[in-house]
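**Student:** Chains as they are written, first to last, in the working numbering: chain A, 74 to 584; chain R, 95 to 451; chain Z, 208 to 500.
Careful, some of the hints might be misleading.
[What the hints assert, rightly or not] Derived SDA-like pairs (lysine to any residue); straight-line CA-CA distance at most 20 Å:
| hint | chain 1 | residue 1 | chain 2 | residue 2 |
| --- | --- | --- | --- | --- |
| 1 | A | K266 | A | R239 |
| 2 | Z | K292 | R | V121 |
| 3 | Z | K315 | R | A132 |
| 4 | A | K266 | A | A203 |
| 5 | Z | K315 | R | V133 |
| 6 | R | K419 | Z | K315 |
| 7 | Z | K292 | R | A445 |
| 8 | Z | K292 | Z | R499 |
| 9 | A | K266 | A | L142 |
| 10 | R | K419 | Z | G421 |
| 11 | R | K419 | Z | T419 |
[Claimed, not checked] Distance windows between CB atoms, simulated:
| hint | chain 1 | residue 1 | chain 2 | residue 2 | range |
| --- | --- | --- | --- | --- | --- |
| 12 | A | D101 | Z | V358 | 48 to 58 Å |
| 13 | Z | R290 | R | G373 | 29 to 39 Å |
| 14 | R | N414 | Z | A390 | 38 to 48 Å |
| 15 | R | A445 | A | P302 | 36 to 46 Å |
| 16 | A | E398 | R | V108 | 46 to 56 Å |
| 17 | Z | V354 | A | R187 | 49 to 59 Å |
If you're looking for bench data, these hints aren't it; they were derived computationally from the structure.
Glycine is no exception: its CB is placed at the ideal position from the N, C-alpha and C atoms.
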Amino acid sequence: MTNAGDGAPIVRMTGIAKRFGAVEAIRDATLEVAPGEIHALVGENGAGKSTLMRILAGLFPPDSGTVELTGRDVTGWSAAQAIRASVGMVHQHFMLVPLLTITENVILGREPRRGLAIDMARAQREVAEAAERNGFQMNVRACVRDLSVGEQQRVEILKTLVRGARILILDEPTAVLSPPEVQELWRVLRALKATGGTIILITHKLDEVTEISDTITVMRAGRTVARFPTAGASAQSIARAMVGRDVLLSNDAATPAPSPTSQIARAGLDVRHLVVAGERRARAVDDVSFAVARGEILGIAGVEGNGQSALIEAIVGLRRATSGEIMLGDRDITALSVRERDALGLAHIPEDRHRRGLVLDFSVADNLILGRQREYDHRGTLDRARVLADARAAIERAEIRPADPELPARALSGGNQQKIVIARALARETSVLVAAQPTRGVDVGAIEQIHARLRAARDAGTAILLVSADLSEVLALADRVAVMYGGRIVSTMPRSQASEETLGPLMTGAA
Amino acid sequence: MSAKGLPAAMRARVAEALLPPLVALLVSIVAGDLLILAVGQSPGAVYRMMLEGTWGNAYGFGQVLYKTTTLVCTGLAVAVGLRAGLFNIGAEGQLAAGGLGAALVGLALPAGTTALLAVPLCTVAALAGGGIVGYVPGVLRARWGAHEVITTIMLNFIVLALLSWMLSGRLRVPETLHTQAIRSGELPRLATWWAPFHGSAANASLLIVLAAAVATSWYLFHTSRGYELRAVGLQPEAAESGGVSVGNTWIRALTLSGALAGLGGINFVLGYEHYYEEGFATGAGFLGIAVALVGRSNPFGVVLAALFFATLSQGGLAINALVPKQMVDALQGVVILAMAASVPEVRRLLAIGRSAR
Amino acid sequence: MSMVLAFLAQTLRIAVPYLFAAAGGVLAERSGIISLTLEGFMLGGAFSAMLGSYWSGNPWVGVLAGVVGGLVLGLVHAVATIRYKADQVVSGIAINLLAVGLTRYFLKLVFDSSSNSPRVAGFSAGTSTTALVAGLLHNPLIPLGLVALPVVAWLMYRTPFGLRVRAVGEHPEAAATLGVSVARVRYVAVALSGALAALGGTYLSLDQHQFTDGMSAGRGFIALAAIIFGRWDPMRAALACLFFAAAETLQIQLQAMQAIPSQFVQMIPYVLTIVALVGVVGRAIPPAALGRE
Chain A
74 MTNAGDGAPI VRMTGIAKRF GAVEAIRDAT LEVAPGEIHA LVGENGAGKS TLMRILAGLF
134 PPDSGTVELT GRDVTGWSAA QAIRASVGMV HQHFMLVPLL TITENVILGR EPRRGLAIDM
194 ARAQREVAEA AERNGFQMNV RACVRDLSVG EQQRVEILKT LVRGARILIL DEPTAVLSPP
254 EVQELWRVLR ALKATGGTII LITHKLDEVT EISDTITVMR AGRTVARFPT AGASAQSIAR
314 AMVGRDVLLS NDAATPAPSP TSQIARAGLD VRHLVVAGER RARAVDDVSF AVARGEILGI
374 AGVEGNGQSA LIEAIVGLRR ATSGEIMLGD RDITALSVRE RDALGLAHIP EDRHRRGLVL
434 DFSVADNLIL GRQREYDHRG TLDRARVLAD ARAAIERAEI RPADPELPAR ALSGGNQQKI
494 VIARALARET SVLVAAQPTR GVDVGAIEQI HARLRAARDA GTAILLVSAD LSEVLALADR
554 VAVMYGGRIV STMPRSQASE ETLGPLMTGA A
Chain R
95 MSAKGLPAAM RARVAEALLP PLVALLVSIV AGDLLILAVG QSPGAVYRMM LEGTWGNAYG
155 FGQVLYKTTT LVCTGLAVAV GLRAGLFNIG AEGQLAAGGL GAALVGLALP AGTTALLAVP
215 LCTVAALAGG GIVGYVPGVL RARWGAHEVI TTIMLNFIVL ALLSWMLSGR LRVPETLHTQ
275 AIRSGELPRL ATWWAPFHGS AANASLLIVL AAAVATSWYL FHTSRGYELR AVGLQPEAAE
335 SGGVSVGNTW IRALTLSGAL AGLGGINFVL GYEHYYEEGF ATGAGFLGIA VALVGRSNPF
395 GVVLAALFFA TLSQGGLAIN ALVPKQMVDA LQGVVILAMA ASVPEVRRLL AIGRSAR
Chain Z
208 MSMVLAFLAQ TLRIAVPYLF AAAGGVLAER SGIISLTLEG FMLGGAFSAM LGSYWSGNPW
268 VGVLAGVVGG LVLGLVHAVA TIRYKADQVV SGIAINLLAV GLTRYFLKLV FDSSSNSPRV
328 AGFSAGTSTT ALVAGLLHNP LIPLGLVALP VVAWLMYRTP FGLRVRAVGE HPEAAATLGV
388 SVARVRYVAV ALSGALAALG GTYLSLDQHQ FTDGMSAGRG FIALAAIIFG RWDPMRAALA
448 CLFFAAAETL QIQLQAMQAI PSQFVQMIPY VLTIVALVGV VGRAIPPAAL GRE
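Whenever a hint applies, use it, and build me the whole structure from the sequences.
**Tutor:** Take a look at the structure:
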């Protein structure tokens, strides 16, 4: 039996790989966590952090690799086994049943009984005692859906603690917390550490990492790329490991000079004091203002989950803004429908092409006319010949392969599918193009082609709002760069001042 | 995906479309065998008799055509709904409403009105009757999010009760459950053109219904509204991103669906008995679901599937001497269940096969 | 006084099948599985019960047979929807058609009739007022039916199984992360729904001492309407069942007076369900995971 006190890791995961269908979530990940430490697992969205931890928590097995707990091989174990082995996970999207009470949520699966029934009195007593022991203030009879987000998270943590969790995994726990709630969470985690518990914290926020963790493991694109103690690590170095591609050695502590949003004579898109509600918070977009001029690309950099989706949907017309205005040229489009905005020259490249961008079972040609299908009506019928002709032209201009307009979109690669979406967006004269994650999941060759098309559109006079979590893409395309964090634009600067060093900390809240 | 992967992709799609009905057919043959053996008969002999009694003689085939006509309508109705991502279980009520609509107009018109005027008017009334009943759940879903599965089932009962009440007044011929004969709008039996069909109920409404199937196919695949309907059914979020109003599309789809089911009413009312009778097509609405599923929501497939189920139904009568005709009722349930279970399973197995390569 | 008694007695007798079916349906639906199947379960139970009573001469064997018949049909629905992920609506319709077809088939096969079975041993005692009241005392299925929903309520809100049913129907992932087998909970819930709805059918055939083709006559759908109108809560569903049964009784007794056409009374459960779904008097929101995987 390995004595955990002699420095051997309490959790060791090696050579982990996991794919879901065609998506490789994890390519080669390792993780070593020492007992009694708070270990931060950092990386951008899609780096594979959540998936790795779910494997540890027993939600699904890895395709390859091993998982060891205090030296014991537990690869591929079940959630129930993990719970019994004192591993508890608090998920990013809470696993709470809204209609049930706190007590019921906590006891689910291990209900205390009296005869055939649940001994609810005892359950409530035990849960209340556990809550108090850990310093949680909660009314265990309350219904979960009436709780605040911070309170719900405490219930999630309590769920793991009453099951005797000694290894606690938290997935982006502060994503929805206010600063005082974050401090409260740190108090809980430190208390747990003091009793000898081990904590693995998944986060992309560098200020938290430096504040609370002992060791940091960095993941990028499904691989573990770095591991080092927090002490002595600078925010810059962590950010670079997280978001950078090439390690740029720079000695300047370049502070980005905030520049005023430029108002050029023929303003293309003008957003003023926009507030938009998101899925979980009332102000996912929290008083955002900026302008994009005709013939320029404004790139909004930022890690996903900082309000970008809500911002895009509000600008495009898929979501209603709570307050603020959106101007297209000198026209107020805040209250207009998607179709009306499209008619006025606002085009959109959605961030999720499978959900919003394409009808995968439609042919390439049919996808190219989505949104404009009525224009192809000729005496009651869709003019198939014209649809196909236009499709062939678009396919050629965009170099979509294979070049068959009748193929179902599903049969094309991700890059070519994305080219369909972009070809459609650029098919007409557009005054403003909102491009969200335009090269996500696209192979390198297609990325270049797509970037070339965007530049060409910019040169032709379109105002382009580029929203991308891929920093190198923003740096490659944008004329001006803004950073979005926590629902706000925290900085705007000309491209010349933007770099991974200057933007990384802004994107991760470390600056 | 490389060029090599493309034929594979197409093959997979074809497989996904055709395998489930084949599996369902196989399962129902096995089930049929079991039921036949339970009576001590030989499956081979029974199936042969079934074929002879349906496609083997003109009268039987005529009956098959008659039943097909109604089933094509209810099948199209469910198919159009499914294409829009909606489940119309209300074809029973929509069909009856269409029948009464046709009858009411047929009774209102003066006797001897030329068929060129009367038949279209009665047909429009049938479409309208069913369409109104289809419109209601469409609005309930679009405006209030009330799921159409429940509302269409409930409306079945409501509409049938309402029609029953309407019939119970002066419309009804005493001692019966039907109206008086319509004064105009009758459609001739097919027997008037092909003598071998003599005695069967098959009538000219079949031609109208087949035309409706063609028109539905045209609407779905060759018009912009049909394009929007299919986009909403396949990927509503993408359609919404493209500016399509999902709610209005739902309303349009269910109204059209109801109208198609209502059209089936002309088969009995204009072409067969020439009056409206309570319960004139009981079960055709639910069978329409089976027809749409087996026909993979494609108008052409629906016609074939309708022929299949009509053959099964008529075949039951033909084999009644050997095996209780009720066996057919049981087989209908088996087919639907087998279809429902095999669609996701086939998809799953094909996906495993794809990723193993 | 005796009129009130007669009214109550008749209402309760009419309510029993609804109560049984609603009890089963609430369990299955709260676990996340759509239950259009109640009609088919009821019909299957009615037939099995008749068969059991016929072959043994003992109505209690009939009850057992009815339960078994319901369990079998319930398991078919469960396997199709849980293991094979068949569309739950389609499976429901298929099972209803299957029940109709199989009962008709075996009715013809065993009894050579296309409409009804011969008379079998049952429970009830006639239709006069005193007999109605007496029937309440002599037919054990009546008190069983009356407690079915309260028992399900206790099960759902007070037992571990019930807690898991509710969790699985709202947020199956949350239950899965805690090690609860979502599939197993649903299998049990659906099997129970089959057994309970079948008891409703058992009551019908044993009360009338025979099985008639299609004797469930849409009662399974009225039970579903009661569940929805009762917002998927067992006790509210029970009240809805009693309400619908009372309306039916009223209509029967007013038949002579011809006050309201019977068809409109027939419509009441269905209209009320739509009203509940639209939210005119408070919105009926189904379990969050209903019908989804």
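**Student:** For each hint, tell me whether it holds in the structure or not.
**Tutor:** Evaluated hints:
A hinted pair counts as satisfied when its Cα atoms are at most 20 Å apart, and K266(A) with R239(A) qualifies at roughly 9 Å. Under the criterion of a C-alpha separation no larger than 20 Å, the hint pairing K292(Z) with V121(R) is consistent with the structure, at around 17 Å. Between K315(Z) and A132(R) the alpha-carbon distance is near 12 Å, which keeps this suggested pair within the 20 Å criterion. Between the alpha carbons of K266(A) and A203(A) the distance comes to roughly 17 Å, so the proposed pair stays at or under 20 Å and holds.
Simply put, K315(Z) and V133(R) have alpha-carbon atoms about 10 Å apart, close enough for the 20 Å limit, and the pair holds. In summary, the hint linking K419(R) to K315(Z) is supported, as the alpha carbons are separated by about 9 Å, within the 20 Å threshold. With a CA separation close to 15 Å, the supplied pair K292(Z) and A445(R) stays within the 20 Å bound. About 10 Å separates the Cα atoms of K292(Z) and R499(Z), which keeps this hinted pair within 20 Å; it holds.
Of the pairs offered as hints, the one joining K266(A) and L142(A) holds, with about 18 Å between alpha carbons and a cut-off of 20 Å not exceeded. For the hint pairing K419(R) with G421(Z), the CA-to-CA distance comes to about 16 Å; that is within 20 Å, so the pair holds. Straight-line distance between C-alpha atoms of K419(R) and T419(Z) comes to about 17 Å, which keeps the hinted pair within the 20 Å bound. Hint check: D101(A) to V358(Z), Cβ distance near 55 Å, so the stated range 48 to 58 Å holds.
A hinted range of 29 to 39 Å holds for the C-beta pair R290(Z) and G373(R), which are about 37 Å apart. For N414(R) paired with A390(Z), a C-beta distance near 42 Å keeps the hint of 38 to 48 Å intact. As the Cβ distance of A445(R) to P302(A) is approximately 44 Å, the hint placing it in 36 to 46 Å holds. Checked against the given bound of 46 to 56 Å, the beta carbons of E398(A) and V108(R), roughly 51 Å apart, stay inside it.
Remark: the range hint 49 to 59 Å for V354(Z) to R187(A) is contradicted by a beta-carbon distance near 21 Å.
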